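Student: Residue-level listing of the chains:
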Amino acid sequence: MSHVAFALVLALALGFFSYNAQRLVRYLRIGHDENRLNDIPRRAWNLLRIGIAQTKILRDPLAGPVHALVFWGFLVLQVGALEIIAQGLIPGFTYAKILPGPLYWLFLASQELTAAAVLAAVALLLYRRIVVKPRRLQGDGVHSGDAIFILSLIGALMVTLLVTSATDRALGVDHPAAVQPLSAALAQLFASVPHGAVQAIHHVSWWLHALLILTFLNYLPYSKHLHVIVSLPNTFLSNTSGPGTVGAMKKMDLEQETEVFGAADVTHLSWKNLLDGYSCTECGRCTSVCPANITGKALSPRKIVVNTRQRLLEVAPAIVGGDDVFGMPFIGAARGDAESRAALLDHKLLDNFITEEELWSCTSCRACVYECPVSIDQLEIINEMRRNLVLTESRFPEEVQPAFESLERNGSPWAFQPSERAQWAEGMDIPTMAELWERGERPDILFWVGCMGSFDDRAKKTTVAFARILQAAGIKFAILGQEETCNGDPARRMGNEYLYQMLAQQAIETLNRYEVFTIVTSCPHCFHQIGNEFPQFGGNYEVIHHSTYIERLLADGMVPLKHETGEKLVMAYHDSCYLGRYNDVYDAPREALKRALPVVQLVEAPRSRDKGLCCGAGGGRMWMEERVGQRINVERKKELLATGAEAVAVACPFCMTMLNDAGMKLESTVPVYDIAEVVAARIEARSGDGEARPSEGRSEAGE
Amino acid sequence: MKIAVCIKRVPEMDVNFKIAASGKGVDEAGLKWDMSDFDGYAVEAALQLTEKLGAGEVHVISLGGDVVQETLRKALSMGAAKAVQLKCDAVPYDAFAIAAALAAELKAGGYDLIMFGKMSIDGANGVTQFVVAELLGLPLVHACSKLEIAGGKGTARREIEGGGELVAFPLPAVVSIDEGIARPRYPSLKGIMAAKKKPLEVRPAQLGEVRLTVEKMELPPARAAGRIIGEGAGAVPELVKLLQTEAKVL
Ligand code: SF4
Ligand code: SF4
Numbered sequence: 001m002s003h004v005a006f007a008l009v010l011a012l013a014l015g016f017f018s019y020n021a022q023r024l025v026r027y028l029r030i031g032h033d034e035n036r037l038n039d040i041p042r043r044a045w046n047l048l049r050i051g052i053a054q055t056k057i058l059r060d061p062l063a064g065p066v067h068a069l070v071f072w073g074f075l076v077l078q079v080g081a082l083e084i085i086a087q088g089l090i091p092g093f094t095y096a097k098i099l100p101g102p103l104y105w106l107f108l109a110s111q112e113l114t115a116a117a118v119l120a121a122v123a124l125l126l127y128r129r130i131v132v133k134p135r136r137l138q139g140d141g142v143h144s145g146d147a148i149f150i151l152s153l154i155g156a157l158m159v160t161l162l163v164t165s166a167t168d169r170a171l172g173v174d175h176p177a178a179v180q181p182l183s184a185a186l187a188q189l190f191a192s193v194p195h196g197a198v199q200a201i202h203h204v205s206w207w208l209h210a211l212l213i214l215t216f217l218n219y220l221p222y223s224k225h226l227h228v229i230v231s232l233p234n235t236f237l238s239n240t241s242g243p244g245t246v247g248a249m250k251k252m253d254l255e256q257e258t259e260v261f262g263a264a265d266v267t268h269l270s271w272k273n274l275l276d277g278y279s280c281t282e283c284g285r286c287t288s289v290c291p292a293n294i295t296g297k298a299l300s301p302r303k304i305v306v307n308t309r310q311r312l313l314e315v316a317p318a319i320v321g322g323d324d325v326f327g328m329p330f331i332g333a334a335r336g337d338a339e340s341r342a343a344l345l346d347h348k349l350l351d352n353f354i355t356e357e358e359l360w361s362c363t364s365c366r367a368c369v370y371e372c373p374v375s376i377d378q379l380e381i382i383n384e385m386r387r388n389l390v391l392t393e394s395r396f397p398e399e400v401q402p403a404f405e406s407l408e409r410n411g412s413p414w415a416f417q418p419s420e421r422a423q424w425a426e427g428m429d430i431p432t433m434a435e436l437w438e439r440g441e442r443p444d445i446l447f448w449v450g451c452m453g454s455f456d457d458r459a460k461k462t463t464v465a466f467a468r469i470l471q472a473a474g475i476k477f478a479i480l481g482q483e484e485t486c487n488g489d490p491a492r493r494m495g496n497e498y499l500y501q502m503l504a505q506q507a508i509e510t511l512n513r514y515e516v517f518t519i520v521t522s523c524p525h526c527f528h529q530i531g532n533e534f535p536q537f538g539g540n541y542e543v544i545h546h547s548t549y550i551e552r553l554l555a556d557g558m559v560p561l562k563h564e565t566g567e568k569l570v571m572a573y574h575d576s577c578y579l580g581r582y583n584d585v586y587d588a589p590r591e592a593l594k595r596a597l598p599v600v601q602l603v604e605a606p607r608s609r610d611k612g613l614c615c616g617a618g619g620g621r622m623w624m625e626e627r628v629g630q631r632i633n634v635e636r637k638k639e640l641l642a643t644g645a646e647a648v649a650v651a652c653p654f655c656m657t658m659l660n661d662a663g664m665k666l667e668s669t670v671p672v673y674d675i676a677e678v679v680a681a682r683i684e685a686r687s688g689d690g691e692a693r694p695s696e697g698r699s700e701a702g703e
Numbered sequence: 001m002k003i004a005v006c007i008k009r010v011p012e013m014d015v016n017f018k019i020a021a022s023g024k025g026v027d028e029a030g031l032k033w034d035m036s037d038f039d040g041y042a043v044e045a046a047l048q049l050t051e052k053l054g055a056g057e058v059h060v061i062s063l064g065g066d067v068v069q070e071t072l073r074k075a076l077s078m079g080a081a082k083a084v085q086l087k088c089d090a091v092p093y094d095a096f097a098i099a100a101a102l103a104a105e106l107k108a109g110g111y112d113l114i115m116f117g118k119m120s121i122d123g124a125n126g127v128t129q130f131v132v133a134e135l136l137g138l139p140l141v142h143a144c145s146k147l148e149i150a151g152g153k154g155t156a157r158r159e160i161e162g163g164g165e166l167v168a169f170p171l172p173a174v175v176s177i178d179e180g181i182a183r184p185r186y187p188s189l190k191g192i193m194a195a196k197k198k199p200l201e202v203r204p205a206q207l208g209e210v211r212l213t214v215e216k217m218e219l220p221p222a223r224a225a226g227r228i229i230g231e232g233a234g235a236v237p238e239l240v241k242l243l244q245t246e247a248k249v250l
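From first to last, the protein sequence lines are chains A and B.
Heads up: the first sequence at position 592 corresponds to 592 in the working numbering, and the numbers run straight through without jumps.
Heads up: the second sequence at position 37 corresponds to 37 in the working numbering, and the numbers run straight through without jumps.
Please keep in mind that the hints were generated in silico from the structure rather than gathered at the bench.
Being a predicted model, the structure only gives us computed values, none of them experimental.
We treat Cβ as the ideally placed atom computed from N, Cα and C, and that holds for glycine.
Check the hints yourself; a few may be wrong.
Here are the in silico distance ranges between beta carbons for each label pair [said to hold, decoys possible]:
no., chain 1, residue 1, chain 2, residue 2, range
1, A, Thr245, B, Asn16, 43 to 49 Å
2, B, Gly23, A, Thr518, 42 to 48 Å
3, B, Ala194, A, Asp346, 21 to 27 Å
4, B, Ala247, A, Thr518, 53 to 59 Å
In silico lysine-lysine, DSSO-like type, Cα no more than 27 Å apart, as pairs [what the hints assert, rightly or not]:
no., chain 1, residue 1, chain 2, residue 2
5, B, Lys32, A, Lys460
6, B, Lys146, B, Lys52
7, A, Lys250, B, Lys190
Work the whole structure out from these sequences, hints included.
Tutor: Next up, the structure:
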């Protein structure tokens, strides 16, 4: 009889679950199409690494291992859950009937130990939620009650599991006590309890456990714990990890007939962006590393994702038809039953959920994407919405317009004339591509200088330094000179894809005209753009960042360096986002520094390498005022100064400017050098060369 | 409310101009071109007027070769409804000749308001709008920094030395626009796409008689480089002497 009852309950539970699953899938389909099944090996690797091995979770040294334990425990306990279901349907079933003794004992032991471990972890996590209340678990509509409920449910599952096996033993089932140490101990407690009562407890406990499993399953679609189901597929389908896909913005088809460019609402996002919404665990790791959020701006990447989910669940029922069962919205969905369909459709993600101000605060540093344990791409949503603001609505901070206009007119975000582009090279005997071409020669490499390196007085010193290194190493190189134009990265990051594509195409035309193959650049933004995004438009080049190039030259002994030993300089290297998190270049600049100053003492800021804090200039923030909160560059500079460094090293002209400005604000005399300058200062002096050495140039800070 | 805005295509001004071989104009090689700044303010002001009134449309008119279509398209992408190119191979220097062509076009248009920038930033004559107003027999308000239209009447503010001047005028009228009235909007991609489908009519310009031509153009003499006289207190007498005799400022 009870098996019939169980079968009924099971059918009901599975039916309800599949209804919900279908509903959620139908909602996803209001997003537009996108192929996420290419490059299966990379995806599988991400699934293993990030999904199963939980590498991202483990980046947090405290909560990480505990959560990973719950996850792995969850996997192990699924085997037990299947047994329970089978038991419910087939009278008297146990794995013992199909498994040889020792293997079955292994199974028992695994369940028992896991249950104990998970129970301990749950207790810890509950303590953290209720007593410790870490900052990253607060705010942005985080559902703490939901988390506490789920944790209690998991706890109850473990308790009933243990009670069931303990009463099993008390009722005479005889497995070696060694494989069930806890149950064995518990069973002692039931020794004096009457047989009938033990049987009743066993029965109740088994049913409770089975029902809890089914409750858990059906609660998920109404909770942020949906991530239990979708985070693995989400990791598999994500583009956030793997060469060639990291950080490259999506190419837009500008010819399409459409009223809306970019995303103003969930219907303009891809289904994958929407799946990101389902996957969010609200852990707040993204927000806790977001430089904008840290310094008091309105932006919170978690909120972006949670809002996307909220808006989806608000509007999707009205679009696909059909209401939420029992009027029970998924957690986080606005309870808008009373609102008419028209009012729902009138709302949108932009403005009603996410403000302009939030979107413009993003520095595109990718810290959020990097940190997210379930491979959500918060930045893609932000970028799509910025595109909408610019391309559809022409809404952006006032300061941005001159940059757009100058890019259009002068091919540079600053109003400099192209004729001034190569002024830094005067008297240096550096050929342009055009000159070489005319002589029928080809260089080994093209030095792509970039707008900042061409026009900014401080950055020009880096440009000169790098050119000196190339000359000292005897590299045959050329520049484009007047013919160089901005690669368009600032326009693209600020949402102006139209302007970007014009600039990118122009740059690619120039490069192709000279059959350029290898490009070296001292700007990480140019490096990323030309290397990772130009291929979208048929521009395929080998692009090397100057840090890597310098490091190779030094390793090959091609740069004649002075051999001095006396000097000892404590230096902190600041990782730039577009070099590090976008392109995985962390070691080359550090190595170059060490080789240039054999006695250098490299110190690391607490946030460095892939955890490095942005300088605040990326994503077009260079051209926008920072009006709210503390300044990102000042925060960063403080952190670098706190290491006790006597000099700060950078490998990006944007970081250079930002950290110099911060230095002025902090009245610090600690200088900022580009790695090229550090190396160039060590080049074996030719007669008459009066190069300043890094240690002599401290007063230069804050130029 | 039907508004016409007359716009001109001009070179970017912040470059080092070279005189063309003819000696009668600038060398156009490598120059970048765009709508004249004041005309941009006028287009924006016109768009804002129709937006505020919730009715009417803005037409833009430019005189010149086919290159001016680019400038007209820009105005269309900002939101103008229609563009007219008054085609001529060379834009004369004479404002009267131009004004005659514009007036011929404007007369037939039935416009409530005709707008200009207060002057083109290349020629900087600031004359055309006066001649047009005269030819059409309409009132003219020059260099407005604020403009309002209500009940078939216009009011405008003009900045004058040490104060402002508030004027009222009947429609139709000609106004020219000073800066500060409105910053021209940045065309959205949506606007650019929409502009491709808007009408751009081309008609031969009925230029008036050209009575004014440029004979010779020259660059200002290059400034002499600075000179170092000496250092410290010893250099003062010499400096004072030079300021008296050469610079004649003392
Ligand atoms: S990319 Fe950086 S600035 Fe933007 S939301 Fe993510 S962490 Fe914040
Ligand atoms: S987006 Fe990722 S990192 Fe941010 S709260 Fe959600 S799950 Fe956590």
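Student: Evaluate each hint against the coordinates.
Tutor: Now the hints, each set against the structure:
1. A:Thr245 - B:Asn16: 43 to 49 Å: holds, 45 Å
2. B:Gly23 - A:Thr518: 42 to 48 Å: holds, 47 Å
3. B:Ala194 - A:Asp346: 21 to 27 Å: About 23 Å separates the Cβ atoms of B:Ala194 and A:Asp346, which means 21 to 27 Å holds.
4. B:Ala247 - A:Thr518: 53 to 59 Å: holds, 55 Å
5. B:Lys32 - A:Lys460: holds, 26 Å
6. B:Lys146 - B:Lys52: holds, 14 Å
7. A:Lys250 - B:Lys190: holds, 19 Å
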